[in-house]
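Protein chains in written order, with this note's numbering: chain A, -8 to 259; chain B, 5 to 270.
Hints are computed from structural coordinates only; laboratory data are not their basis.
Each statement offered as a hint is correct.
With a straight-line cut-off of 30 angstroms between C-alpha atoms, the simulated BS3-like cross-links for lysine-lysine are: (1) Lys250/A <-> Lys66/B; (2) Lys212/B <-> Lys55/A; (3) Lys61/B <-> Lys176/A; (4) Lys185/B <-> Lys227/B; (5) Lys78/A <-> Lys268/B; (6) Lys59/A <-> Lys257/B; (7) Lys197/B <-> Lys181/B; (8) Lys55/A <-> Lys204/B; (9) Lys212/B <-> Lys257/B.
Partial selection, computed: residues in chain A whose CB lies under 7 angstroms from chain B: (10) Lys14; (11) Val22; (12) Asp39; (13) Tyr41; (14) Ile43; (15) Gln49; (16) Tyr115; (17) Thr120; (18) Glu164; (19) Asn170; (20) Met239; (21) Arg251.
Where is the CB? At the ideal position from N, CA and C, for every residue including glycine.
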Amino acid sequence: MLKTLIKKIKRGLWTFKQPLSAKPTNLNDPVSDLFVWRHLGDWKTYFDLYDIGSFYSQTGAKDKMNVKIIFYNPLGQKIKECEISLKHNQNKCIEISSFLIDEKHLFGTFAVFHSNIPESFSKYNSYITERGYTSYKYQNNQLRHYVHGNSDAVSISNNLSYLLGASSFLKREYRLQFNLTSAEKYEFLIVNYTTKKQKVTFAFIDITTNNKITVKDYSINPNGCCLCDSLIKYDGNFRLVISSTLIMARPIVFRYGQKRSFFDVFHG
Amino acid sequence: MFNFYPILRAPNCNGFTVVHNYPPNNWEIKKNFDKYINITWSDGFKWNTKIIGTLGKNKSYKINENDLNFLPNHSLVLSSLSINKLPTISDILPEDIDMKTNMPEWRATLGLESKLGGTTSFQGEAHAFPANGSILSFAPFFQQGKDLSSYLLFISIEKSPLFRNTSLFFLDAYGDKIMKKKPLITNHLNVIKLDELGYKPSELIVLKTENIVGIPLFMTAYKKGKELSLEHTHPPASFALHGNRWGLHKELKEIWSTKLINIKKT
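I would like the entire structure built from these sequences, with the hints used as guidance.
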């Protein structure tokens, strides 16, 4: 009995009032992940847009609906907002870079808010959320390389967006379960979906000895993101541990071949 | 719930899975152990398991085709890490002590690589799905163009080792039309070529099953593997946050089940 209580208290330190995402203010406020865009130089970013609300229609209504996209730079400052018209049940793969022609930053975040919210969402006290699919082309790639959204990061009310992420009381480690090797190059992107500035530490660990090879520190504004690369003086296999007070500092990993040419992207 | 890590398979590619014996965070698992690396497969009657090695704490191991030459062709290959030895033969999918985490899940690296240089992976895990369930999935991943070929890799895992024959319906995005009906087998990695199904680039692929649950993965290759792209769809429950999202999910599935029944009637 006492043992169970102690176990519960210990777990509570990590879970009490520390949800992955808070509830939006109003039941009709749409939610979005904070997706990552990259552009200029070698990069093109795409997003597959479709009207989620129309999936819940029995009749398959064929009106057009608008989707709002808000873009932020890596510092978390809003840089652009646009509306895109979507036919019901249509898939529109948009090129994000085409909205960022004057933008000098090389990467940042964006959110996608749906306006077509079926009544059934409020019936079940749920919020519509976009956690869809971003894709990237790097250099002369013929394929778009996909990565899915993962967080319910941000909502919008009366045209003002607000973040839903909470901070942890204790510092958490996100241990990326992926074998890194000096034969490849990696870039790790972390988004801050909380209202507080976040300090994030990337520690690269030698797999053989379990010792730290190097540590890199970043500070991320709300709505913003940081990019950490794997350029370290080390020959062999290693792994990554990310420390922060984000509830889940799950990175998007961009992976490149050095000895052979390939590119891949995935959620950590 | 005990995690399995399938080993992928696709045309012109070799599958690999890298299993990792360290937890994905510092607070959900307090004590880790050395573990057995298992390969489990069904012969249609029983689940079979073979230990292919052991893995020390904080270590990783890449399982590739060379580790699997004892397997019958076309098996769904499930790797796992266990503290105790799994039974060599069993009537239901074997399991061991639960080392599951939630934020995030304890994952492995599931990937494909081709001899032409392409490689792709995602972080994943899998469990047995209920035999009486169904799936509904909306997929925008279909890439079309010169020298591109796309496949659906549908992974079915059930507790029972039996191979059941069933079907997957490819629907148009309005739910007005069945684009194609394809056979599926349970406890298999079903590979379906997407290029010949008749979808246009602006059309969503809608997948619907009636008595099988699985993980739909979409793979596209350029020039038979010079480049590879791979991603899975989210289940439609992820369109909703908080509240009774599974109730909403059930309602959505009912809408699309009705659409499928209506198409079949016409």
